[in-house]
Amino acid sequence: MPVRTAVKSPHPHRTAREARDLRVVGVSKRFGGVPALCDVSLTIASGHVHALVGENGAGKSTLGKIISGVLSPDSGHCELGGERLVLRSPRGALGCGIATIAQELAIVPGLSVAENVFLGAEANVAGFVRRASIRRQFRELTARVGFDLPADRIAGSLRIADQQKVEILRALARNASLIVMDEPTAALSSREAESLHAVIRSLARDGKTVVLISHFLTEVLELADTITTLRDGQLVRTLPAGEASEESLIEGMLGRSLGTAFPEKCFAPEDSPVVLDVGGFSAPQVHNVSFSVRAGEIVGLAGLVGSGRSELAHAIFRDVKAESGTVALNGSPLRVRGPKGALRRGLAMIPESRKDQGLLLSRSVQENVTLSNLKKVSRLGWVKPFQEKRDVTELLNRVTVKNSTLKSPVASLSGGNQQKVLFARTVFCAPQVLIVDEPTRGVDVGSKRALYDLLSDYAKAGNGVLVISSELEEIIGLAHRVLVMRLGHLVAELSGPDMTQQAVLAAAFADPIRNASGN
Amino acid sequence: MTDLSLNEVGAPESKVHKVARATGRVMGSWRTAGILIPFLALFIVLSITSAPFLRTTNLLDILDQQASLLIIAAAGTLVLVAGGIDLSIGATYGLASVVSAQLALSHSPIVAVIVGILVGLGIGLLNGVIITVFRINALIATLAMSFVVGGVATLVTSGNLIVLTNRQGFADVAVSSFLGVASAIWIMIFVVLALGILLSRTTFGRYAVAAGGNPVAGRLAGVRVNQVRIVTFVLSGGAAALGGIIDTARVLSAESSAGGSALAFTVLAGIVVGGTSISGGEGAVSRTVLGVLFIALIGNGFNLLGLNPLYQQIVLGLILLVAVSLDVWARKRVR
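Which chain is which? The protein sequence lines are V and S, in order. Under the working numbering, think of the first position of the first sequence as 1, with each following residue one higher. Under the working numbering, think of the first position of the second sequence as 520, with each following residue one higher.
Excised from the complex, chain V in its bound form (with noise of 0.2 Å):
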């Protein structure tokens, strides 16, 4: 007996650590024709904190995903240790010992915490779980790591911190030596990232390898040995993160202009009335916003994704209820619940996600552009078949969407044409005041200009409009005057010759203001 336990024992040290470099090797990825990267090669040397940073749509969590399996390349591959990596699932990576946790953490909420780490890779007996055994291996692994955790709490009660920890246990139960973090700390209050901070560090010190993909320029340049900035799917460059700063970061992250022609800025007169109006206004992820727009005025939103933007367009919208603060449309207060409420005074949003908040997939184009006034189409609830195919051709003539497409899915559009649906709906019921939210995302280049083009348009005829993009290229073309939001707060409003990629990029990923925001 004893000589059995003496070879079979549960952890084997490694006497040796093994020079187990990452190198990524000429990686591209397309996303339905659109490329997320292009022949992007980098080394991610073994147990350093190798950050990658970018601004939102660079590629960063795209290539963090094809490091750890969850995407595999068009073209290019991974090696590690000089080993080619062929992975075509998590768990392919697991094995090799790299395992993510990701922006979407992915514990099962039901089960205790011993449970959530060693989930897949249970102690069992023909397939009856050895609680006993599971409850001495969890007590062993947080003391190697210095977590302290309950190991019989239910998961999903935890705090967000504590739930990541249990998602980086569980890298640790199997032995991976190299972790991809896609934004660890965007969901914690401060004290927590710093708690975050100190274990990726003492990972580091065990000789782990950590790829960091984060926002906070801070904090990438607090912890990272190496840092990769990305732009546009290309890879800017990779340097020690002594020779970087937050201004080298920045400016690596700016592109030089793409060309994409803009129709010219119409301003608004400054006499022009306010059209919509928002004080003190509170909702879930805004925390007192105020601004105006003006008649003819484009207004652009821009932040980081989860920085409240789309928050505050759906509470403005009524889509979700508003905390506290003022809604004003024309000077007089809105009053009403639900988005129906709001469009029939006027405001209108078109949504972020066309397929998922947008359109009926599978009804007709001309179904999807009366939807939301098919009043004005009906008499006594009956939907007037020939006013309804005149008025639709009217719109889809304005859009430039072709109308010999009326009656087919409109899943069958390319996303241009939806995108062009989509306004074109909006448009239907004519509001005072439209709200766009990442109206160009997916679209292809030519699209993007017709839709600038009835944007602009639409402004011009005296209309208020709020554009809301990820695109800083867009904002910085489309809008009169730009606001900024960082966690929830209105941080900046820049116009004239402040107006700037720079300065809009440099306000939104300025220092969080994690005390002010609660938690």
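Simulated from the structure, these hints should not be mistaken for lab results. The C-beta atom is built at its ideal place from N, Cα and C for all residues, glycine as well.
Derived Cβ-Cβ restraints for the label pairs, each shown as a range:
| no. | chain 1 | residue 1 | chain 2 | residue 2 | range |
| --- | --- | --- | --- | --- | --- |
| 1 | V | Gly-341 | S | Ser-780 | 36 to 44 Å |
| 2 | S | Phe-666 | V | Ser-75 | 58 to 66 Å |
| 3 | S | Pro-828 | V | Gly-95 | 50 to 58 Å |
Covered stretches of chain V (in silico footprint by chain S; criterion: 3 or more residues with CB under 8 Å from a CB of chain S, positions within the stretch not fixed):
| no. | stretch |
| --- | --- |
| 4 | 338-344 |
| 5 | 349-356 |
Over the 12 Å line for every Cβ pair with chain V, so calculated as not near, a few chain S residues:
| no. | residue |
| --- | --- |
| 6 | Gln-584 |
| 7 | Gln-621 |
| 8 | Gly-825 |
| 9 | Leu-845 |
Given chain V, work out where chain S should sit, using these hints.
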């Protein structure tokens, strides 16, 4: 992004686009034609193989027997299209049967019919409110409701059969003849047409499609999703009650266990075989009519041809599986 990548973005998009559009068109027409082809095929086969099949009496008999089922299934189509499901129709059918029968013993047939229908509408309203306001899953809510309503129906009758031997006035609701066709069939035609038009031609129908197809988008487009869903449940309850009343009038007797869960599943089978999607957002009353009649023809055919009725269930089950698989497949293609 370089010039090269700009060119590349356009090319594959338009190709995908073309294929998707063609597939969408084919699937769209398949959905309409889907049930019609097997229905016609079965009809022709039965016409050839069985002499009595094409006789007017046989065909009218089928319609008469299916009248209440068609009414309930037409309303059920609206519920499904708007993203719900109603399993309480069997119990509602039973309760409306016994309530109207009890009333017909002492009151005029008109009172019996009206109160019976009101009972159904009330149950539907309750279902709709529970499901939308309290956000209870429709399947569970209406299943629970079916137990409650079934219990109430048994209380009304104390578990006895109500017999209405001398109430010819009440029987006339279902069996009086106009132009050689029973009133049950006329009522069915009227209700089915009205519900069909409501779904396909009115603003309410469009809202129902939006509520079931993409409730988030519907809400953001200004559709009162909850309100629309409640109305579909009210219609379903009313239709179930009407069906129960018609069948009670036809046989002049009622018991609380009439209907039951078998009715709900027969109705659902008819709707789904017709090609209405169980996931909501797609469907038509006309297809449901064909679906219900298709199932009825299978039963009729087994009878007329003297086949072992045991196989009828097996055949029905297989047809249902095929119908649902085609729906799933069609959805995948459109996305």
